[in-house]
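*Asks:* Chains as they are written, first to last, in my numbering: chain W, 60 to 389; chain H, 60 to 389.
These aren't lab readings, by the way, just hints derived from the structure by calculation. Certain hints may be false.
The list cannot tell twin chains apart, which means a pair is met if one copy fits it or any two copies do.
When the alpha-carbon atoms are kept at most 30 Å apart in a straight line, the in silico DSSO-like pairs for lysine-lysine are as follows [to be verified]:
no. : residue 1 : residue 2
1   : 116       : 280
2   : 184       : 350
3   : 263       : 221
4   : 147       : 184
Protein chains: 2
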Amino acid sequence: MYHKLFSDNLIDQIKQKKSLICIGLDPRIGGSGAKIPQNIMERVKNNYNDAIWEFNKEIIDHICEITPVFKPNIAFYERYNALDALKKTIDYIHEKNSLVLLDAKRNDIGSTAEAYASAIFDNFKADAVTVNGYLGSDGIAPFLRYVPEGKGVIVLIKTSNKSSGEFQDLFSMSIPDIPPSGIETTVEKGLLVRNYIQMARLIKDWGENPNFVGEGNSFGKFGYSNIGGVVGATFPEQMKLIRKEIPRNFMLIPGYGAQGGTTKDIINGVNDDGLGAIISASRSIDYAYQKSPYKDEFDETEFGAAAGKAAEDMRIAINQELEKSGKIAY
Amino acid sequence: MYHKLFSDNLIDQIKQKKSLICIGLDPRIGGSGAKIPQNIMERVKNNYNDAIWEFNKEIIDHICEITPVFKPNIAFYERYNALDALKKTIDYIHEKNSLVLLDAKRNDIGSTAEAYASAIFDNFKADAVTVNGYLGSDGIAPFLRYVPEGKGVIVLIKTSNKSSGEFQDLFSMSIPDIPPSGIETTVEKGLLVRNYIQMARLIKDWGENPNFVGEGNSFGKFGYSNIGGVVGATFPEQMKLIRKEIPRNFMLIPGYGAQGGTTKDIINGVNDDGLGAIISASRSIDYAYQKSPYKDEFDETEFGAAAGKAAEDMRIAINQELEKSGKIAY
């Protein structure tokens, strides 16, 4: 079943697959850490496009039935000159009846933002994209024009990294809100809030503005917006505050697993209806074959099966936490 | 002459070419507005990579002697699947002894930011890149690690677009700075400042931090940092304030020409030594052949010469304004 709007398609996938997981596809080649297995590199004679495509295909095959949305980060494909592999990967994910969120964190203005939006939605055929909202609505509107075509836009709010507070945690307010005196009054009134809250408020407005998303496209049939926000699993308290600000916008929650976020942490991003969040993991799934406990069970040639097991473990752990809190949607 | 640091190479170019201009190379194909001439499209049988390469080469040939730095915006190359043309263009600019600032506004964290930095500096061989600082130092540090290799990093501060104030103009302060009462005192003390000023302050710190840029690489021999900031020509008053915050960081000033910025507006970004700013224009130069007064003098086949004349006019207009204000460096 294919709906008109991204949020409806996403929710359908979630309900059908009983899963809130979003799996990153971030190919890494060489070095001592996480990487594509040596046997693949040899088989394809070190052709990066071929190696990445083989690697991704195997992982997709093992997890597509429990993965509503895949999240390739374009940085890795740019690094390895492997945009062809990215295209093939996206087409294959669609063939396998899953959605693609292209993690690109794009941002620019006017016709340049239009060019990025066209590259991502027209060329790569992604279903959704991550963007950076620092430039204001001029930078977001060209992406939002694709909402009527079933596309979604996910804006950075509170990122999962350690130094995200340097800028995102500054206390801020808009000019007309500054009262003649008294910071405390300002805080009490909810006027002086942190930058990440301001960004969440902008996202809410952008997603409901028919000038940007087209008349009647603000919310899907499940009541969710087609614009969402990135909120790191590493900041569960901030997540609660953001959830209150944007109850009908999906959160993409990175930082689970490798970065230290737990199922307890991410539960604050999920609404009582069991929706409103997808939880992403990349390295801990893609390269599970290199890590305990999976490396004991799977060898290098079984990296796909290892990823499948790791993804299923993640799905179950999240579902258990959801059930405990009475938030499950399926 | 090739120096170790980006700021020194940039200043050498500026002095040698007696020019503060930075010309965007933003290929546009089809439609009714600015676009690559029809005769090129026919000659290359609509092959986008070939068309863009031919177009760029002709423009570079006509303006490289007065252009210290070219600024291709990668969005257009992504849109037209023409990253090969981008690579050839960058190599050719280097052959012609000019610098390349790749306008990409990249941002991500950790190993993903490393992947972007590698794509831009190792694959594309750009001399500098634009980035978005919303994610804090985690997102910037991987780019700054290339400073010792002669690379530069330009962070968005106050962008030239109309809606840039939605977020960048919010008044903000850091947590420990909040006094028990009195907003006005806070403003007077310079603690409550707008987000773009906060970003400028972060940039200053990042550029001087040896952990990021390597010991002894904070400033070049001309006393300028290797990290700069984008400040739109459309906001001259804000530019003055930012100039005071970051006197030793270069500003990239877009918005001249097509977006309405004048030579009078940009002068606030230039220091008394005639340095500290480069002024960018793209459409008004690349497609001068379609616009008055150039379209009367040049036909479609002479688009390169038209760009050459438009760039020279821009260079002269800026230099006249610099002379008037006693700020010229060459």
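*Asks:* None of the hints should be skipped; say for each whether it holds.
*Replies:* Structure-based check of all given hints:
1. 116 x 280: neither (32 Å within a copy, 51 Å between copies)
2. 184 x 350: neither (33 Å within a copy, 35 Å between copies)
3. 263 x 221: Answer is both: 25 Å inside a copy and 20 Å across each meet the 30 Å cutoff.
4. 147 x 184: both (11 Å within a copy, 26 Å between copies)
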